[in-house]
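Asker: Protein chains in written order, with the working numbering: chain A, 1 to 495; chain B, 1 to 495; chain C, 1 to 495; chain D, 1 to 495.
Calculated directly from the structure, the hints in this document are not laboratory data.
Note that the structure is a prediction, hence the values are computed from the model and not measured.
Do not rely on the hints blindly, as some may be mistaken.
Since the list gives no way to pick out one identical chain from another, each pair is judged satisfied if it fits inside one copy or across any two copies.
[To be verified] In silico DSS-like links for lysine-lysine, alpha-carbon gap of 30 Å or less: (1) 444 to 83; (2) 490 to 444; (3) 107 to 361; (4) 219 to 242; (5) 242 to 490; (6) 219 to 490; (7) 218 to 444; (8) 331 to 485; (9) 258 to 303; (10) 107 to 490; (11) 444 to 66; (12) 331 to 404; (13) 211 to 349; (14) 361 to 242.
Number of protein chains: 4
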Amino acid sequence: MNVSDVMMIFFIQFANTEDKQEFSKYPTKAGRRSLSRSISQSSTDSYSSAASYTDSSDDETSPRDKAQVNTQGSSDFCVKNIKQAEFGRREIEIAEQDMSALISLRKRAQGEKPLAGAKIVGCTHITAQTAVLIETLVALGAQCRWTACNIYSTQNEVAAALAETGVPVFAWKGESEDDFWWCIDRCVNREGWQANMILDDGGDLTHWVYKKYPSVFKKVRGIVEESVTGVHRLYQLSKAGKLCVPAMNVNDSVTKQKFDNLYCCRESILDGLKRTTDIMFGGKQVVVCGYGEVGKGCCTALKALGAIVCITEIDPICALQACMDGFRVVKLSEVIRQMDVVITCTGNKNVVTREQLDRMKNGCIVCNMGHSNTEIDVASLRSPELTWERVRSQVDHIIWPDGKRVVLLAEVMSLLSLFVMPFVSTSTALAVIELFNAPEGRYKQDVYLLPKKMDEYVASLHLPNFDAHLTELSDEQAKYMGLNKNGPFKPNYYR
Amino acid sequence: MNVSDVMMIFFIQFANTEDKQEFSKYPTKAGRRSLSRSISQSSTDSYSSAASYTDSSDDETSPRDKAQVNTQGSSDFCVKNIKQAEFGRREIEIAEQDMSALISLRKRAQGEKPLAGAKIVGCTHITAQTAVLIETLVALGAQCRWTACNIYSTQNEVAAALAETGVPVFAWKGESEDDFWWCIDRCVNREGWQANMILDDGGDLTHWVYKKYPSVFKKVRGIVEESVTGVHRLYQLSKAGKLCVPAMNVNDSVTKQKFDNLYCCRESILDGLKRTTDIMFGGKQVVVCGYGEVGKGCCTALKALGAIVCITEIDPICALQACMDGFRVVKLSEVIRQMDVVITCTGNKNVVTREQLDRMKNGCIVCNMGHSNTEIDVASLRSPELTWERVRSQVDHIIWPDGKRVVLLAEVMSLLSLFVMPFVSTSTALAVIELFNAPEGRYKQDVYLLPKKMDEYVASLHLPNFDAHLTELSDEQAKYMGLNKNGPFKPNYYR
Amino acid sequence: MNVSDVMMIFFIQFANTEDKQEFSKYPTKAGRRSLSRSISQSSTDSYSSAASYTDSSDDETSPRDKAQVNTQGSSDFCVKNIKQAEFGRREIEIAEQDMSALISLRKRAQGEKPLAGAKIVGCTHITAQTAVLIETLVALGAQCRWTACNIYSTQNEVAAALAETGVPVFAWKGESEDDFWWCIDRCVNREGWQANMILDDGGDLTHWVYKKYPSVFKKVRGIVEESVTGVHRLYQLSKAGKLCVPAMNVNDSVTKQKFDNLYCCRESILDGLKRTTDIMFGGKQVVVCGYGEVGKGCCTALKALGAIVCITEIDPICALQACMDGFRVVKLSEVIRQMDVVITCTGNKNVVTREQLDRMKNGCIVCNMGHSNTEIDVASLRSPELTWERVRSQVDHIIWPDGKRVVLLAEVMSLLSLFVMPFVSTSTALAVIELFNAPEGRYKQDVYLLPKKMDEYVASLHLPNFDAHLTELSDEQAKYMGLNKNGPFKPNYYR
Amino acid sequence: MNVSDVMMIFFIQFANTEDKQEFSKYPTKAGRRSLSRSISQSSTDSYSSAASYTDSSDDETSPRDKAQVNTQGSSDFCVKNIKQAEFGRREIEIAEQDMSALISLRKRAQGEKPLAGAKIVGCTHITAQTAVLIETLVALGAQCRWTACNIYSTQNEVAAALAETGVPVFAWKGESEDDFWWCIDRCVNREGWQANMILDDGGDLTHWVYKKYPSVFKKVRGIVEESVTGVHRLYQLSKAGKLCVPAMNVNDSVTKQKFDNLYCCRESILDGLKRTTDIMFGGKQVVVCGYGEVGKGCCTALKALGAIVCITEIDPICALQACMDGFRVVKLSEVIRQMDVVITCTGNKNVVTREQLDRMKNGCIVCNMGHSNTEIDVASLRSPELTWERVRSQVDHIIWPDGKRVVLLAEVMSLLSLFVMPFVSTSTALAVIELFNAPEGRYKQDVYLLPKKMDEYVASLHLPNFDAHLTELSDEQAKYMGLNKNGPFKPNYYR
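Please build the complete structure, drawing on both the sequences and the hints.
Answerer: Structure, rendered in structure tokens:
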């Protein structure tokens, strides 16, 4: 059975409203958490630290004040510099190498154009990886307009490359807060064009549409949301009876939780620390706060390269896993003086306090791998007795009166980890296809998890990349196991 | 907060019928599978291979024909040799070293005697580990009668030690099928004594009570079941409307799935192979069939000791995890000729076929780590052209006409893995306490999963053993996360 | 080029006295150490703890007092029970599985019979593995007489199997000191037979011949010595000008140091601890004293199974390696209270003192992986306030007045590690062949290391077992590297 | 005993000409190899690919044509842009964090000024790490003049920072071959200043002095050489009787071989591949050519992050180590079609041939981790049917007529690995101190290895950085082991 067949079966099954496999409506642990990112605060933060990661251009003119036109003659976009398109194209091509699942989906489905008629307004990080997603949606028939969900994370050259191919993109690295909302507005508010799908990462776009253009929801078939924060907002809307279209929670898909969080963090923690600090890992003492999937990924990688890792946890199950995996479970205060590196990945706030920062040794690196920038009490470091010195892009040295330096990576790591998330994009694309094509009535005004079958299909799309050969159940074995030969193989509640 | 406080909170919360945290009723993947162990078949099997693992005694008299009396003058038991009690006591003491969570539970609760009045009939493997469980139940106030769930697995000296302390035990290594049911019957059918709790591993005891003594269920407050097979049977009973008491599914608890399966198999695969075959792992080519928790445990350990491991899978999610963990995903037939070791842990049947056995190279070791003995098509090897040679206890060489030998470990590995399962016992004890003390009406005639809070409590009981220090949420953090400071920290459906 | 060709080249090259590649004469670090095993002390030790590891026979008659005859009618041997020969044969066959290099050497060379005329007297551990070595020597043409180098380590059934095939073996498990020397004497002193080669492990045989039968050396062409201790004695003899034949130091061969020490200990530490104590490794705190090859092997394995390992070292280079490998380097006294397991592998004495034993926590396991039994100050535990309890074969509980138990594995681990040493045997066999066939004058009365070429040949004999495909240098590459295409590839001083 | 004491003992011992511990004079395997780097060829190569790694400046004026003055008024230097000094200073400060051993040496010895009077001319990579070395030499009393040993590897900002502090530096990124020799000449040929020590990396400086200023050797007390190539040249000079001063071979020190090669490559392979290609390692098929220390480091890291790694080897000992470590040993041609990544670290030439490049799959990454750029037959790719596309700095896509792309990292990896070599610098500094202070006659006109004691001292300087606590031998233990309590603990020939 080839993948295309699987996909046909998949569409057929989902067209069948009798299908017993319903989407779960329950919010996840993550979803229940109150991670309300204060946009205004983070925007202010960003303003003072908007050093560029990939771009050392000194051009200070705001993109909003530039007249730019792509080679097709369109000026319906706003990026830093449209001339960087060619360089951005190369970056997208490099990204495609590791996103063969999405490319494979693109190739198989572009004949059928399952998104013909879709008008998608999107708000995500704008990286080479998301460009591959956007161009896949376009290849499947969609019209897209796009903006950035974060004022730092845009790869300007990628935005340029997208704009050059005709996707209206409104985003650049180092936006002000005002720019941020201006871009979202330009993205949504286009005369003669009305979105019928929303793809959001963080909930800001959804929020804006709710607030400014509520009538858009009359046409919208659904919202696909990728982030913890955005999903949390959707569940709140749903609980308050204010969710007026179906929404798909991609954040809690297996591909996001088990693959992007665990495996991608395993790689990005090393990459991020190395690029920003040149640290050698061998023999370094590291404490990782939080032993969820992100923490597990970080710990695995650091231990493998010879770091001596201990962890902090609030949850006895995760704590016992850490023990069995060979990590001492400690309280942060017990070990803080000895640590060379402190990494947060709890999703909680003030996990590293000022009092603990005061006790760190000279040269200690403090870095946040979590989604929010609340884990380290950065605000407490903005006090007059401490000196801040920016040593590299988004790397600050905080200097105590006695000369002690702490190396602060408050945001750069979570941004870096964006660049290695090949799995969730495929889930996002499938979620868009599903919501857009679903017969009326299949989805109510509620938040849905991806069904296991879809998770399994996403996984199967990635397998050829690894030359992995799946075994098929014989009829006899399928019967013995009480399973359908084509899956799903996992119970729907598997996470 | 000390553990005792947690426990009080725990009992109080469960007394509260308003508690929102209901027990899940859904069967798990495992539960849905049809793993009906044919007792008669396995008994026959065993008869021809009933060589003793721990006991080289040549005493051929059946225990049923011996008159034995313990030092207290009781003869209400039937074991191989009551004189081995002292040796068995030592084994139990050794086992207690690694079961400090259960000992801790024993110490904390034995003042309250939460099982006073409980009359428990139990049917499990009889090992030093289960002896620690049984003696804990007794310490908490219960009366226990016990029998073995497997005709091979009884440690005779442990059975003797239990019998010596006054626990009526009916079990020995190498029972016949007739012996097996005779023991169960003697266990249940005691004049002047009637069970009010059932603790089962495999469902045979439950089956026997249903068949022979249905009236017992009038007094029984609940069934606690530890195994895949037994749980499956309970869900079938429930579905058929025939389950007449509440049942607790311990098999699908986090402690069983995440700890006993993953971590214990990580250790027992090495131990088992080494004890039976003296194999050196370094450089050996190994294929592991199935990348669930058991498979993950096996692969981790073997890779760590230098084996070159590939896996087979039917489920694309597990297959992709294998890829990301660094294992090639293959079909068994593609690699069978090169393998030094073949390990099954799928839960399925005929995963290794005769045709594949024919193609293995000389000296290949084939071993089953799964719960059932169906994974390797052992029956197909009972053909006249093949010679069986028993080289060690439960280790067979199958010799092909051309002299090729395959080393068959069909059952010994799953038995060996019994000896390292410290986690699930604590869950079992808690499940017994809960069902026995539950106010009427809390549990219906249905199958219940352990609530997450109980899983977390079990984990917390193990932490002191590792000198692990749990962090507590501040009020502010708990509020931010939307969590109670004492947990549960995981959603109820977390597995 | 096939292996046979390599071997021919090898013999030819070594026949060429012009060969530039001389054997090194320098003693190694190990060789310089004064590890003089006091036979009388260890024998006394052993006498009180001579419980059998593999044999639970209650037959108390001394083998010296039994009349035994093998099926060929010979009684020129002395073993525990000649009837165990068949069982021993199976064990030897199992051992052959993992010793394919030696078998391969046996097959290739048995046509040429390079040991025709060799009369070898040997004194080694008598295990299934050494039986494979002995039978290889016989297959190559040698006559062998054998005795045990250790009073505990003989596998009685293997000794029986050897005796049954006609090898005069004098050894059993649990010899007294008097038995030990009696066996050596019977081995050497055979009317009408005089040894011309000595194969020794520990130097006791060599010592006996020097003392009692110095005239034997007139015929002896060389001594092959496998152990640290024996090698040390040979260097002392050489230094004192008393070495009257050439000797080959196999202990410092690459195969022994890099393979048997590192890789075999990696496996045997887990096996040994598990068999004797049933410990689960996950989360256990372990301190390993000494980070040489044995220590590295132990640490790798324990870390891989989830133990939390720290090390002690005297040598800054090894200490820094430990740091880079992710192990904390501590002093034993700093951590002794927290440890679950203490492992010694330093080769030094009194590494674990009574004062440290007093401070260990209840249940702590103390085990010696080193060659000598001096590393733990066991003698200090023979004091009246402490109770010794033997719980399993060679496993003692030492009980303090307050009830604290320490689990002592003083000797069993080093014995267990005997059972996984497949590499050095091949080197030993080659060393015997070389010394026996060397033209006069090639070797003086001195101690020689194996030349690198021989080490490389041993390694190459093992490669087919792993289906490893060696790349050959092109002529151009060989020239560029300044190497001979057939090796040696390592400088002669590589260790 | 503190480190300062160790150092004093060290100087005293070396002042003692009776010391038995002589420096070894034998060349190592590496030293024997003919790795003659053709400067002219590599310079030409570089010219066409001199894209800047750290510097995107468009200033095309040659530094030779600029008039630059530092803030002290000196113009005795030639760097890209002296204004970058402040940024370079930050990079040096960051580097100091991980070079605490050198800093510690600097602090302890700067009172004594052991290099007072030393006039060192140096030719190395000019990175933040080597800047820390140079500034240490200056702090110990030396005058230094410096130039770059590679036309690509200079960090311009670091060169500026050095020049700003008064070290005459002649180096910039992207030199022509003519520039290269011009810089060396300016460095050596300074009126009124004559070097008495040479510190070289690659032998070009030594070569130039031999050729142009042979009289300089009258004053030179010694040459310290860090590289394989340079060491090879020195052994050739020595063999030819042309070496006119003592030379110290730092390349074969334990710190270089065991630490910089093994551990630093373990880190730099991941960093380098990630920075240049964004590859995810999980599940990737990788072949590593060569399983020496560099190969071992690469394999360990890649396996730990989930890559599936196999190796090629010519040496059976290394091949067998690879087997035991869990890597399949293959010939490159057998696996080339399946590989995602090919890494060379053999030190040999044409390890990857054009024929193999032709058979690689689309997207395959080929990278050289070896010292020389000869391992991949890059020249064969300069053929008309193939298109070269530079996608990032020093990353080339080679495009076949059918569209297949191979990603070529011919030089960038070995450059990247420069940035993590903290260990060897300390050895280099000690070698300079030793040669400069050695009494006449201690060293002849020959090439010397670092004595083990010096290696151990270097290691001990690094230990405080890891909070490692060394155990000291008791008198009794030292006697038992036959060791001096202060070391050396390793035999002199340990490598």
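Asker: Now look at each hint and say whether the structure bears it out.
Answerer: Hints and how they fare:
| no. | hint | result |
| --- | --- | --- |
| 1 | 444 to 83 | neither (45 Å within a copy, 64 Å between copies) |
| 2 | 490 to 444 | both (24 Å within a copy, 27 Å between copies) |
| 3 | 107 to 361 | between (54 Å within a copy, 20 Å between copies) |
| 4 | 219 to 242 | within (16 Å within a copy, 51 Å between copies) |
| 5 | 242 to 490 | between (32 Å within a copy, 27 Å between copies) |
| 6 | 219 to 490 | neither (35 Å within a copy, 37 Å between copies) |
| 7 | 218 to 444 | within (14 Å within a copy, 45 Å between copies) |
| 8 | 331 to 485 | between (48 Å within a copy, 16 Å between copies) |
| 9 | 258 to 303 | both (19 Å within a copy, 19 Å between copies) |
| 10 | 107 to 490 | within (27 Å within a copy, 40 Å between copies) |
| 11 | 444 to 66 | neither (44 Å within a copy, 70 Å between copies) |
| 12 | 331 to 404 | both (23 Å within a copy, 29 Å between copies) |
| 13 | 211 to 349 | within (28 Å within a copy, 57 Å between copies) |
| 14 | 361 to 242 | neither (50 Å within a copy, 52 Å between copies) |
Violated hints, in rising order: 1, 6, 11 and 14; the structure is consistent with all others.
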